[in-house]
Structures are given as C-alpha cells and as structure tokens.
Amino acid sequence: MNTNKVIQVEGLTKVFGDFTAVNAITFHVKKGEIFGFLGANGAGKTTAMKMLIGISNPTSGKANVAGYNVFTHAENIKKNIGYMSQKFALYDDLTVKENITFFGGIYGLSRKRIKEKSEVLIKELGLEKVENKLVGSLPLGWKQKLSFSVSLLHNPKIVFLDEPTGGVDPITRRQFWELIYKAANQGTTVFVTTHYMDEAEYCDRVSIMVNGRIEALDTPKKLKEQFKAENMNDVFLKLARE
Amino acid sequence: MKRFIGFIKKEFYHIFRDRRSLFILFGMPIAQILLFGFAITNEINNVNIAILDHSKDATTTEIINKIAASKYFSIKQMVTNEADIASVFQKGHVKAVLNFEKDFSKNLIKDHKATIQIITDATDPNTANTISNYVNAILQQYQKQLNKDITIAYQIVPETRMVYNPELKSVYMFVPGVMTIILMLVSAMMTSISITREKELGTMEILLVSPLKPIQVIVGKVFPYIFLSIINAVVIVVLSIFIFNMPVQGSLFLLALESVLFIITALALGILISTISATQQTAMMISLMGLMLPVILLSGFIFPISSMPLPLQMISNIIPAKWFIIIIKGIMLKGVGLQFIWKETLILLGMTVFFIGLSVKKYKIRLE
Amino acid sequence: MKTILYIIQKEFKQIFRNKGMLPIIFILPLLQLVILSNAATFEVKNIKFGYIDNDHTSTSRSLIEQFYASTYFNVSTDFPSKVLASEAMLNGEVDVILEIPQYFERDLQKEKYNNLGVTINAIDGAAAGVENVYVTQIVQRFNQHLKVDLLQVSDQQIQPISIETIPLFWYNETLNYKTFMVPGILVLLVTMITLFLSGMNIVREKEIGTLEQINVTPIKKSQFIIGKLFPFWVIGMGLLTVGLILAKVIFNVPMIGSLPLMYLYTSIYILVILGIGLFISNFTDTQQQAMFIAWFFTVIFILMSGLFTPIESMPKWAQIVTEFNPIKYFVEVMRMVMLKGSGFMDILPQLLKTILYAIIMNGLAVWSYKKTN
Numbered sequence: 001m002n003t004n005k006v007i008q009v010e011g012l013t014k015v016f017g018d019f020t021a022v023n024a025i026t027f028h029v030k031k032g033e034i035f036g037f038l039g040a041n042g043a044g045k046t047t048a049m050k051m052l053i054g055i056s057n058p059t060s061g062k063a064n065v066a067g068y069n070v071f072t073h074a075e076n077i078k079k080n081i082g083y084m085s086q087k088f089a090l091y092d093d094l095t096v097k098e099n100i101t102f103f104g105g106i107y108g109l110s111r112k113r114i115k116e117k118s119e120v121l122i123k124e125l126g127l128e129k130v131e132n133k134l135v136g137s138l139p140l141g142w143k144q145k146l147s148f149s150v151s152l153l154h155n156p157k158i159v160f161l162d163e164p165t166g167g168v169d170p171i172t173r174r175q176f177w178e179l180i181y182k183a184a185n186q187g188t189t190v191f192v193t194t195h196y197m198d199e200a201e202y203c204d205r206v207s208i209m210v211n212g213r214i215e216a217l218d219t220p221k222k223l224k225e226q227f228k229a230e231n232m233n234d235v236f237l238k239l240a241r242e
Numbered sequence: 243m244k245r246f247i248g249f250i251k252k253e254f255y256h257i258f259r260d261r262r263s264l265f266i267l268f269g270m271p272i273a274q275i276l277l278f279g280f281a282i283t284n285e286i287n288n289v290n291i292a293i294l295d296h297s298k299d300a301t302t303t304e305i306i307n308k309i310a311a312s313k314y315f316s317i318k319q320m321v322t323n324e325a326d327i328a329s330v331f332q333k334g335h336v337k338a339v340l341n342f343e344k345d346f347s348k349n350l351i352k353d354h355k356a357t358i359q360i361i362t363d364a365t366d367p368n369t370a371n372t373i374s375n376y377v378n379a380i381l382q383q384y385q386k387q388l389n390k391d392i393t394i395a396y397q398i399v400p401e402t403r404m405v406y407n408p409e410l411k412s413v414y415m416f417v418p419g420v421m422t423i424i425l426m427l428v429s430a431m432m433t434s435i436s437i438t439r440e441k442e443l444g445t446m447e448i449l450l451v452s453p454l455k456p457i458q459v460i461v462g463k464v465f466p467y468i469f470l471s472i473i474n475a476v477v478i479v480v481l482s483i484f485i486f487n488m489p490v491q492g493s494l495f496l497l498a499l500e501s502v503l504f505i506i507t508a509l510a511l512g513i514l515i516s517t518i519s520a521t522q523q524t525a526m527m528i529s530l531m532g533l534m535l536p537v538i539l540l541s542g543f544i545f546p547i548s549s550m551p552l553p554l555q556m557i558s559n560i561i562p563a564k565w566f567i568i569i570i571k572g573i574m575l576k577g578v579g580l581q582f583i584w585k586e587t588l589i590l591l592g593m594t595v596f597f598i599g600l601s602v603k604k605y606k607i608r609l610e
Numbered sequence: 611m612k613t614i615l616y617i618i619q620k621e622f623k624q625i626f627r628n629k630g631m632l633p634i635i636f637i638l639p640l641l642q643l644v645i646l647s648n649a650a651t652f653e654v655k656n657i658k659f660g661y662i663d664n665d666h667t668s669t670s671r672s673l674i675e676q677f678y679a680s681t682y683f684n685v686s687t688d689f690p691s692k693v694l695a696s697e698a699m700l701n702g703e704v705d706v707i708l709e710i711p712q713y714f715e716r717d718l719q720k721e722k723y724n725n726l727g728v729t730i731n732a733i734d735g736a737a738a739g740v741e742n743v744y745v746t747q748i749v750q751r752f753n754q755h756l757k758v759d760l761l762q763v764s765d766q767q768i769q770p771i772s773i774e775t776i777p778l779f780w781y782n783e784t785l786n787y788k789t790f791m792v793p794g795i796l797v798l799l800v801t802m803i804t805l806f807l808s809g810m811n812i813v814r815e816k817e818i819g820t821l822e823q824i825n826v827t828p829i830k831k832s833q834f835i836i837g838k839l840f841p842f843w844v845i846g847m848g849l850l851t852v853g854l855i856l857a858k859v860i861f862n863v864p865m866i867g868s869l870p871l872m873y874l875y876t877s878i879y880i881l882v883i884l885g886i887g888l889f890i891s892n893f894t895d896t897q898q899q900a901m902f903i904a905w906f907f908t909v910i911f912i913l914m915s916g917l918f919t920p921i922e923s924m925p926k927w928a929q930i931v932t933e934f935n936p937i938k939y940f941v942e943v944m945r946m947v948m949l950k951g952s953g954f955m956d957i958l959p960q961l962l963k964t965i966l967y968a969i970i971m972n973g974l975a976v977w978s979y980k981k982t983n
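Chains as they are written, first to last, in this note's numbering: chain X, 1 to 242; chain A, 243 to 610; chain V, 611 to 983.
The hints are simulated quantities; they were obtained by calculation from the structure and are not laboratory data.
Note that the coordinates shown come from a computational prediction; the quantities given were computed from them, not determined experimentally.
Some clues are possibly wrong.
[Said to hold, decoys possible] Between beta-carbon pairs, the in silico distance windows are:
{"id": "1", "chain 1": "X", "residue 1": "87", "chain 2": "A", "residue 2": "600", "range": "49 to 59 angstroms"}
{"id": "2", "chain 1": "A", "residue 1": "499", "chain 2": "X", "residue 2": "169", "range": "52 to 62 angstroms"}
{"id": "3", "chain 1": "A", "residue 1": "499", "chain 2": "V", "residue 2": "716", "range": "31 to 41 angstroms"}
[As the list claims (entries may be wrong)] Coverage of chain A stretches by chain V, computed from C-beta distances (three or more under 8 angstroms per stretch; other residues unrestricted):
{"id": "4", "region": "249-258"}
{"id": "5", "region": "265-276"}
{"id": "6", "region": "349-355"}
{"id": "7", "region": "409-420"}
{"id": "8", "region": "482-493"}
{"id": "9", "region": "522-531"}
We put the beta carbon where it would ideally sit given N, CA and C, even for glycine.
Sequences are here, hints too, so could you generate the full structure?
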C-alpha cells in the first residue's frame, strides 16, 4: 500500500433500512493534506465520516485509515486519529484544565506529558485567564478552539473535523483556520467537513457529496475550471441543482 | 386556539413515538395491579416452622397434626435439641420453633397443665406476633375440645361484623394505593421531566418567544399527561372490578371527577418541581427519590397512619396521596357521596391551587 | 489501569460539582431513613373506637371502662344511635364500633350468655383481623372478671385442663418494628440511589454528545465501564456506612453479625445494581426513558422483596419470581446478618446467587455498550 495515502476508500457504502446514506464512495487522502469534505445537509457527510473514525460499521466496501482496516482494526485507528464533532463535546461541568487532563489521560499520555502539553496549549490559545473556569461558561468560539486543540493532544496522524466552525464569528473562523494550517504544516492530515464555501477554498483538495455519492473531487482551482465557475459557491450550487 | 391545538398535537407525537416509555406507562399499572392482586399480601400464611418435641407422646402428636393441618403453618423440620434452634433461625429457613416440654401428656393428666414454648424469630415482629397468636388460637380450640364436659359460667361473645370488606381481601386495601402511587408518580415525574427537558435543550426559549402564551405552553405540555393518566386510572379501575371483583359502591362519576382532580394535583406538583430544577437529572431525582418512598410509606397505602408516631401523622397530612386514598376507599368500598369526602376534596383542591400559585411565582421571578 | 483513574477522577468531579444533586444523593436518603423508618409499622394501635350503649347499667359501663383502659384503643365518643355511629364510620372517624344491646345486664344474669355487636371497618383486612383479636381479648378478660364479681359461690367441681403457652420472641424481644424496618429501608435507599445514578449516567453523555467523543478514543470498553461504575460503587458503600451508623445511633438497631461480612455482601450487591443501571442506560436514548424503566423495575423489585410484606405468604409462582429479585437477597442478608448474627455459611446461598447475578448483569452491560454501531 502506498504509505503516502493515509486514507484510502473504495466503494464504501452504508445502508439504513432501505435508505442508502452513503453510496459506494471512492477516494483517497494524502499525508499532510487538508481535505475538504463538502455536501449539503443530509448528503451523507457525517455518516461517511463516522465510518472512517470507527464508530459506525460500514455495510460494504473497503476503507483503510492510518494504515488500518475500518472493519477489523477500528480500535487501532482510534489511537491514530483525533476527532472533533459537530456538537460541542467537551464536558461543560469540568474546567479547561480538567478537560485537557481527562482526554490526555484517556489517550494514555503520561502525567508529565499532559502537564507540558496543557501548558503549551493553554498559552497558544490564550486561555491562561480562564484555565480554571468551567468550560460551560466560555464563549462558543473559545470552546471550539479548545475542542480542536484537545483533539490534537495525542499527536494523531489524522484529525477529523465535523463542521468545526459552525456558529462562530468570522474573526474566530479565521483564527481557527490558522490553527488548522499550523497542524497541517506539522504533518497532520486534516479531514474537514464544512458548509462555508469560502473555507473550501482553503483546502488542498475538495470532494462534494450529493445524495450519498461523491460527484466531484479535485483541487478548488481545477473544480472551478471544470464547472466554469467564479468561486466554490457557484461550483456547489451547480452541482446541487443537477 | 388553532396554534394551541397544534402544539398539543406535537406533544402527543413526542409521547407516542417513544414506544418504550409508552409500553411502561401502560404496562406499569397492569403489572402492579396484578402483582398486588395475586401475589402480594400482608396476611400471614404458609409460615415455615420447626418442632422440638421432648415428649413424643399421643397428645403432642395430636397437637402437631392439628398445626400441620392449618393453612397458616407448614412444618419444615424437626429439631432435636435447644442448641440447634439458633442455627436453624440463622439459616432463615423457619420463622418459629414450637418446643414441647418433657412428659407433656403426663403433666396434663397429673397437674392439668402442660407448657409449650413458642419461640419465634422476631426480627419480623409482625410475623412473630401473628404466629404466636395463631398457635394460641389452635391450642385454645384444642383445649375446648378436651374440656367439653365442663361448662364455663358467664360468657359474653362478641359477634363481629367486618364491614366494607367482609372477606378481608388485601386487594381491597391495595388497589386504591396502587392507583394513587401510579397516578402520582407518572403525572409528577413525566411533567417535571418533559418541562425541564425543554429547558435543558433550549427549546423552551423557542416556545416562549412564540406567540403562544406561557400558560398555554405549560397547559399544552401537561395536557397529554392528563389524558394518559386518565386512561391509566380507567385501566386500573376496570382491572380491579373485573379481575378482583372489587365493588364500586358509590358513584362512578364522582370517582372519575375526583381522579381527574388528583391527576391535576400531581401535575401541578410536577410543574412546581420543574420550576426548581435546572436539569432533567435533578427533576428526576426529586420526583423519584423525593416522592416514591413518602408516597408508599406515609399515605396509608400499606401501613396504617393511625399507628404512626404523632409527628409523622402530622407530616402525612401534607402528602396529597393520603387524601386521595381516603377518597377512593370512601367511594369504592364505603359507597359514600360527596357529603362525606368534601373535606378531603377541598384539601386536594387547595394543594393544587397552592402548587400552581407557587410555580407561577417562581416562574415570574426567573423571567425578571 | 491509569486510564481508569482518569475516568474515575472526572466522574467524581462532575458529581461533586453538581450542587443541585448533592443533597439529593446524600441528605435526602438519610433523612428518609430517619423519618420514614418510623412510619413503616404493621402494629395496630390508636384504634379509633366508638360505642353505643343501649343498656346503661353498671355491667355495660364497666365493659366500656375496659376499652378506655386499653392502650390499643382510642375511645372517641358514645353514639346515641346506630345511624350516627355508622355515619361516623363512613366519615372515617371511627374504625371499630361496639354495640351493647338493651337489657344486656339482665339477660346476662338470667341466661349466663350474651352477645355483643362489634362492627369493624375491614378495608385494611390485616388490621381488621388484629382489631378483632384485641376486642375478643378484652371481652374474654371481662368474662373472667364476671366470674369473680357475679358468681359468689363457685360451682366449679372439675379443674379444666389447660395448655400454657410461653411466647419467646428471639432477636427482638420487645417486638420493636424499627429493628425490622431500618435495615430494610437502608437497603432500599442504597439500591435506589445507585440504580438511578448509574441508569442515567451513560445515557446522559449520549444526550449531551460527549459519549461520541469518548467512542473515538482508543479506550477499552471494560476500562470505560469500570471507571464509570466505581464512583457509584463508592457512593453506595458510603451511604451504607452512614446508614448503619444512623441505625445504630438513632434507632439502636442491634448489629449482632459480622460487619465485614455485611460489607463483603454489599460490595457485590452494588455491582449487580450498577450492572442493571448501565444495561438500562445502554438500551435507552434519553434520560427520561432510562428513568422510567429504572422506576418500573424498582417498584416491582421493592414490592416483591419481602421488605414490607412476607414472601412466604405469596403463591408459589410468585415466590419463584422473587428468586430473580436482587433486592430480596439484600434484604434477607441484611436482616440475617445484622439482627440474627448469621455467618458466612448461612448466607452462602444468597451470596452465590448475587455473584452470579453480578457476573451476568455486568457481562450484559459491557456487551450492550457498543463503541461502534
């Protein structure tokens, strides 16, 4: 297998009853790439992502993530990935520090390492003043940044982000993408779903899902050429209308 | 009004879509009524006992046979000496040991007197006492038979008439209790949870900014539970009439009205709980931990209130369930009309108004 | 192992941070233990008693005196008529009515035999039975008096045969009901708290969305579940300890048996309850559902546990059903060890069944918790 491809998917399918949520999708993601996973609501993005991170069993097809098969080695995959869900999923009733310690502990980091990491992380995000405040009392943007940093705590090979910037202001979004770039520069592969088409422009490559299928996959530049569109928004609208 | 009906419809959808809860909501009363009717009784029968017979003569054998024939006792084992009694009790297999003295028949003939020790495991005082009474009754019967030639002077015999429940069925006692506990907990718990749930999920705000008035929102949330509780009440009454032959001496209509009143009292309590709890978890724990035991223990459901210490008798007055149990027993078993239970009815009414008033007040404070 | 510690730490923090819940977990149960144990008694006393005296003679009055003298009866009034008396019974003002017929004294002297009318409200059948016994006892004692008072010359030639009974109430000589109920109610409170908390726990994380975050970590199922269970196990044991202290200090409940044995049994029993709680939690989608199911089983378990009503009196099939009721075993063991001093071998059957139950329930809990759907 090509070690450069950290995610390899072939004909991956998920069927719920008589509804096919994900219909035989095939693609790959290269190491260190920022891969945008686009689609309208209900197109099957989240379902596909859940199969890749090992919390949903695929109906059929093949998929390898970080060198492991999702059918047989889901638990090994989990050691090598980070995940940030659409729904904010840190504990509101724990402090910033306690959340970091907890998730660090679950990923099996040593006490010393957790301490170092959390200091660096809190400083980077500028959370020094609120490190002992309950997470529930922070503004959404801060929570999202914290949540992203926590998902990188154990230096995963790939990080999966499910609509990470939903509901935050443009400035925070910009800061958030800076964090993403930084992670990518350090060699982490980023797999991100989003609704914002301007964010799609920031990605190295983009796939667009419609009704459970991947209808387009390429760099933003080539997609715009292919669909003769001004920007990604037009590409998306053209695809969705068909 | 149209909006309001739409809202109520939404609430019904919520409830009917949740099959598991619905199953329990209706399975619960049926299971409990059947258990109480068929399985659970506070009578004492089939008690396992052991015999320690130092005489083994004709009289003791006769007495033992009489005891074995009674429906109250079954003789589980024979013990050979006093030292074994403790270990028999510690294993928990028998509740009493009858110890016949040595030379029982001989003493009876010579001294006209013989003794039996009734040794009971009094960890359960009620059972112990009852066993002792039953054994005494059997022995008295036997004595009478032995003494039948002697006439005893002056006899006043009480002629007892057991009214309202001549066969002393424990079902009659339990049905009103089960009905009360189910209506109380289902109504209070379900409403308090479903309202705090909307608070927790943030959907309450959406409802409150809608053109619906707050009172409509609350009524709309509560209405389906009134409906479900009424169905539950009907199921319980029907089961108790047709399966356990419980009478409804009084007016069915009055029974229905009083039940609706009690359901509303319980719902009002549920609303009050929801105003003081921030999370579903708190609401649940308050309605379960806070209501379950007091309703079972202080309402007169199983244990007679008049035997409790005075402070507890006073506390029992603030338990709505107590008053409703008096009302149901009155209507179903005694056949009384409103003139006999107007006091209890007024108390329930007062409690309802109080709960609603307090909720409205708490609610307003929060909005300001 | 280290991973488990992190989960335990987090759970404890969350429990102690929830200020609304703390009093419900720790104060409410103990308050109930102290207060409600006084309520649970089948003793029948303070019987509301009324009488109708149609005779108004010294005999009828001295019979009524006997009821005044008895500690069981609360004599309210004499009723001038039967109609008023039965109205009072309908009202719930009296439960026992004694009616002394006209010419009671005269007939008694003439015929040496007479009847009394006793009416008892029998809705509570068991209490009615006891009330009837009390009335009969008083009347019988009165009969003996009559023999002495009215019968100057003894006409007894033969001494009647009498079998004397000596009741011995072991383990609880004074027939103190609290000795019986306090351990039982303690069982109930420990069970309810641990069941409700564990039943809500995982489903709560499901509802908030944090469970998904946990599921994408490499944590092992068993690690997660042990970490989740342990804090509740500690709370259960803590409640037991405080409850036992209260039982001793406030109610002076005897503790004859071995406390380590009691703790050994409880430590396993709580695992059963936690297993049931987690199992429910895994099978439900909302806290509301979870609580509803937990409540349903608790009520049935409580009623079928022998805590309030004797199991022996149930029909055979129902007794078989109680074999599947963990609360029954805990109630039995608690009472056996504390009140009777039963030893390890005595409670071995219960212990083994509880261990088996714990293995099955926790097995099911681990099995039904799926990180991948």
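Here's how the hints hold up against the structure:
1. Our hint of 49 to 59 angstroms for residue 87 (chain X) and residue 600 (chain A) is violated, since their Cβ atoms are close to 36 angstroms apart.
2. One distance hint, 52 to 62 angstroms for the beta-carbon pair residue 499 (chain A) and residue 169 (chain X), holds here, with the actual separation near 58 angstroms.
3. At about 51 angstroms, the beta-carbon gap between residue 499 (chain A) and residue 716 (chain V) misses the expected band of 31 to 41 angstroms.
4. For the region 249-258 of chain A, the stated coverage by chain V is not satisfied: 0 residues place a CB nearer than 8 angstroms to a CB of that chain, which falls below the threshold of 3.
5. Closer than 8 angstroms: that is the beta-carbon criterion, and the region 265-276 of chain A has 6 residues meeting it against chain V, so the requirement of 3 holds.
6. Check on the region 349-355 of chain A: 3 of its residues sit with their Cβ under 8 angstroms from a Cβ of chain V, so the three-residue criterion for coverage holds.
7. Residue count for the region 409-420 of chain A with a Cβ under 8 angstroms from a Cβ of chain V: 6. That meets the three needed, and the coverage hint holds.
8. For the region 482-493 of chain A, the proposed coverage by chain V is not satisfied: 0 residues have a C-beta within less than 8 angstroms of a C-beta in that chain, short of the threshold of three.
9. Here the region 522-531 of chain A counts 8 residues with a CB under 8 angstroms from a CB of chain V, which clears the bar of 3, and the coverage holds.
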